Amino acid sequence: MHPSRRKRLDPQQLRSIPLDALRIDSDFPVRKNDPDALDALAKSLEIVGQLQPIGVRAAGKNWTLVYGERRVRAARLLGKSTLLARIYSPIGAAPVVLRATENMHRQEYSLEDAADTVLRLIEAGMAAPSIAKALARREAWVNSMLSFSRNPLARELASLGRLQSVSAWESFATLDQAEQRVVLDSSDTITVARCDEARQASRQKEARRQRLLAPAAPETPPSAPPAEGDAEQTCAQACASVEPDIGWRKENPATPDDSITVTLRHGQKQALQRIMAEDNRELGEILQEAVDVYLTHRQGAGHE
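Here the sequence shown is numbered in the numbering used here, starting from 6 and rising by one per residue.
It is possible that part of the hints are untrue.
DSSO-like cross-link-like pairs, simulated, lysine-lysine; straight-line CA separation at most 30 angstroms [as the list claims (entries may be wrong)]: (1) K210 x K274; (2) K85 x K48; (3) K85 x K66.
Note that these hints are calculated values from the structure, not bench results.
Every value quoted in this text rests on a predicted model; they were computed, and no experiment measured them.
Given only the sequences and the hints, what does the whole structure look like? Please build it.
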């Protein structure tokens, strides 16, 4: 056999690579440094040895890393001079695909890592269906990752640790601005369940607002005034049914400056009782919301 053919590298060949001849491309997606995780990997490498080879490709007299960046850092931390490597000769998007298939299913592979991988494959000229096939994912997942990778808010939430899955981001993106603000104002991790809670609370609030805006039931014709004793008993029952702490007195005491007397029309007492029972809310909270709705309606109608 010709000598030059004997020196040709087999794509599946394993060989020992000197670390001082190994180069990492500037566009290599280096993950966030976790000193504890790196120390644990270094200890494992020292005790049980190298269990998985790194991936490299020839670059002149040196080698370029395809995957296994954490193993390289752990080996350098231990002062090792070589690592076992699998030799590749990839071009185009192939290095990114190899890195992704090597790392995608690892526990420490984050949402940001996956989004960066999809974005790099798109930039390398691959279409979404091809990426989905190469990574063994659904095309919808690829499109969601691409949307995430290009959204500054999603990136920030992920970097802060508040967003950890693409499904949570998809659910968050479907919320309106007010619902998103409720989710963002809390310190909870953004999840699908948390987004559903915000959406449900918003719908309940809108339903209460619509009930308050609904026209009151028509008044019944006035009846003959009851006797004085009957009037005292009827008023006492009405006040007690709306606010248990309110009692009827024949001579009312002086009204405080921060108090107000409200006279309810027919049907309004029952409506208030129903809202208080169904929503488990206090009377003062309901009245405050009614005032807010009225003021909003008044401003919308052009009143100062």
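Please verify whether K210 and K274 have alpha carbons no more than 30 angstroms apart. Satisfied, since the Cα-Cα distance of roughly 21 angstroms is no more than 30 angstroms.
Can you confirm whether the C-alpha distance between K85 and K48 stays at or below 30 angstroms? holds (13 angstroms)
Does the alpha-carbon distance linking K85 and K66 stay inside the 30 angstroms limit? holds (20 angstroms)
Violated hints: none; the structure is consistent with every hint.
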